[in-house]
Structures are given as structure tokens and as C-alpha cells.
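Engineer: Chains as they are written, first to last, in this note's numbering: chain A, 1 to 65; chain B, 1001 to 1400.
For the record, the hints were derived by calculation from the structure and aren't laboratory data. C-beta atoms are modelled at their ideal positions from N, C-alpha and C, and glycine is treated no differently. If a hint is listed, it holds; no wrong ones were tucked in.
Simulated crosslink set (DMTMM-like; lysine to aspartate or glutamate; CA at most 25 angstroms straight-line): (1) K1156(B) <-> D1170(B); (2) K1156(B) <-> D1228(B); (3) K1156(B) <-> E28(A); (4) K1307(B) <-> E1041(B); (5) K1225(B) <-> E28(A); (6) K1156(B) <-> D27(A); (7) K1225(B) <-> D1203(B); (8) K1156(B) <-> D1191(B); (9) K1306(B) <-> E1184(B).
Derived contacts from chain A toward chain B, CB cut-off under 10 angstroms, selection only: (10) G12; (11) R15; (12) I19; (13) S26; (14) E28; (15) G30; (16) N31; (17) C55.
Examples of chain B residues toward chain A, derived with CB under 8 angstroms: (18) L1107; (19) F1110; (20) S1111; (21) P1112; (22) P1275; (23) E1336; (24) V1337; (25) N1338; (26) L1341; (27) L1345; (28) G1346; (29) R1349; (30) S1353; (31) N1354.
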Amino acid sequence: MRVTIDQDRCQGHGRCFSIAPDLFDSDELGNGVVVGDGVVPPDQEHLARLAVANCPEGAVSLEED
Amino acid sequence: MTHLPVADFATDFDHTDPTWVHDPYPIYDDLRARCPVAHSERYGGTWLPVRHHDVAAIANDHEHFTSRAVVVSEGRPGDEALPAPIGVAPPITSDPPFHQLARRLLLPAFSPRAIAGLEDFTRSLCTELLDGLGDLGRIDGAIDYAQHIPVGVIAKMLGFPPEDGDLFRDFVHTILEGVDLPFEERFAAFDPIEAYFIAQVEDHRAHPRDDLTSFLMNVELNGEKLQDQHVFGTMVLILAAGVDTTWSAIGASLWHLAQHDEDRRRLAADPGQLPIAIEELLRAYAPVTMARLVREDFEFEGCPMKKDDWVLLSFPAANRDPAAFDRADEVVIDREVNRHLAFGLGIHRCVGSNLARMELRVALECFLARYPEFHLADPDAVTWSRGQVRGPRTLPLRVG
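Chain A extracted, bound-state conformation (with noise of 0.2 angstroms):
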């Protein structure tokens, strides 16, 4: 599983690092990135998810295995 951002629609809201930092961080605007390949470990599993469903923009994407 990896995640990754659209950054043409990523608005800063900041959702996605707050939700799973070890997956997100931010950018010097506040816009969110993702944190080295975007491979998901197992035990983030979940957080991936919720940063995907509570991006305000459907910004945040999951590639599933």
C-alpha cells in the first residue's frame, strides 16, 4: 500500500499529517507531502485510510498492493 498527494489539489488544510505524521508532513506553505516513497507499513494501515478519508479536498490517494 502506498499513499500519495495530488498537489494541484492539496489546499493546506493540513488533515493528512496531522492524522498519521509518520506518513505526512508539511512543506514550507503548510501544504502536505508525502513523507519519503509513501510505502505504508502494516501498522499504519488505518491512519493511511483516515488521512484519505478526511482530506477536505480528496487530495490524498491510496495505491492498494
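Given the coordinates of chain A, work out where chain B should sit on it, guided by the hints.
Structural biologist: Quick look at chain B alone, frame taken from chain A:
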């Protein structure tokens, strides 16, 4: 100024009506069931969508809706009256493409990292306020506590004298609650605000220091410093958007927790749950309703909108839409999936959302640590602000 009482909110709503001010949620629910886009002739023609879907659609539609003015009031700017492309309070009153430039300038100052740097200051401020209350058994959660927090933080950010807090609150009251004054009177009320900003800029010029005011005075856009109008306008925005809103969110959260022992005790026992809880409190008691103007005649969801009609963009109504949220009318303090619109969405997402969240979290954490037990001292004595920002303005609490 008093208006005629509203007979039917579907055809004659007024967001300053006492029924609305007291409790707007039953009105939204009623309109959602039978409109769902209400219309009123008041303020020269105003529309009110109450479904999550419609509010989101309008927030994202800059082609048909302009942000030239975002506070519904008597009179409107008109095509020529407003200093395009800046607007009176950039970037909130700006449209693309200028909007993006003005917004980008501000974002780093409000990024999570920048805001984290204000957390210790905010915590000290909250602790000082609570210490100042001594061992009183009855306090006012809005007057003695909530209202001072954003004023103190914003004064710190802008480098304005902290003792000017009362003055800021008067300014913001003029901007946000004097919406039904005659146009000339409302316009004239801005003069002292501008005079104050001019004095602050002069003081910064004489005594340079590292704060948001100095930043606005010195930052360059397209190789040139910002026009005075832009600097003052952004100060108006930061004050108007940063004070009443957060004060309201803190107050409404205390109002809720005073009446829900289980939620309060849970958060007092485990402040680690606050980040999730404040999202739910923001959803249920979203303080801010935005507005747009209709750019040209346009039909939306079967409604014949006319150029320069107002549209009240009710994030509080969207956040209570059962089509978007399970148990929409209940506070579910550990709600995990919560795609609320308290900070709006799209390109005008609240620039201060990271700041507001930090202030709300710290304010509640400090208050709960000091008063794990508190209740409404007199539910009928609670009063609410009027206009597009909703929160308690008197909140008598029995504490301890």
C-alpha cells in the same frame, strides 16, 4: 439597528435575526428539508445554500462567484468601487490570479512549523489568564478567558502593543457585527482602524523588529514592495479573521464541554484525544460563515441568481448536513472520519487554520487542566455574537 422580524427563513432570512442568533441549527435543518437554497430580499438580495454539496460547489466556483466582498452588509462594492485586484482585505477579498500571489506570501507565516513556534507563548498566555482568576467559583468563559487568547496571539504576531486588545475587539466588532448599519456609517467606521494601522506601520519604521508587520512592509511581490492598501488590507484581514473566529471556537467548545460531562471528563483525563475532539467541535460549532457575490446573472440549482446578489456560504450548515455526516446533529467526540468545512475549502481555505487549531487545543488543554469540572452557571445568560461569526459572548461558568 433592528430589522423587521423574520416570518419565514426560506424566503426572508436574516442572519442578524434574534432567532437565528440564538440557535441557527434548526433553521438550517428546516431549510435543508424544503428549499434547499433559501432566498431573502434583505441586504439587497441574498441566497443561502445549506447542503454540504452546494456549499462546496460554490466555494470552488470562482467563475460565477467572486470574493470581492465576503461580509454580507447593506450596499456592495460595485465593479468600480473596489481597488481591484487587491480588494479591501487581501487575499480573502481577492480573486484569481492575484489571489494566489497574495496568499502565497502569507502562507509561510502560518505554516505548521511557524505556528509551532507560538505554542509556548500561547500556553503562557492561557496559564496567566487562569492564574489571574484565582479561586473564583464563577467565571465567564468568554469574557475572562476565550476572548483574550486570540487577541494576545495576534498582537504578538503583528507586533502590536498587547494592551491594545480592547481596541482590536472594537475594530473587529465594527467589521463583523455592524453589518446592518447604513453603508456610509459602516464605511466611516473603518477610518479609526486605518489610522491605527498607519500609526503601527510608522512605529515599525522607527523601531524595526521581526514580526508580521515588518514582513508585510518589506516583502516584495513581482519585485516591488506591497502597496500600502495591500499591507493595511492584510492587517484588517488578520485582525478580523484571527480574533472573533478563534474566540468563538474556544467559547463554543467550553459551552459544549460545560454541558457534556462525559466528553469533558474524557478530555481532561486524556488531553491526547484533543486533536481529534477539536475537529469534531469545529465541525459541530463551526464559527465562520463566508460570503460571495454573484459575478453575473447565473442559475444555480434552479435558483435565478442575479449579478451582485450575496451568497452566504454557510460552513456551519454544511457541517450539519446528514447527507455528508452520520449523526450530523450530534457531537461525537471521537469521530474519526470528519471531512468538515469549518475552515472552508478550495483556494480560500482559511490561512490561519493551523494557528486556530493550535490556539483551540492549547486553550482547552490549559482550561481542562485547571478546571476538570465546570458547568453552565446560568444557561439563559449565555449570549451569542450576531452576523457571520458565531460564538458565545457571555458564558457564565461554575468552576471547580
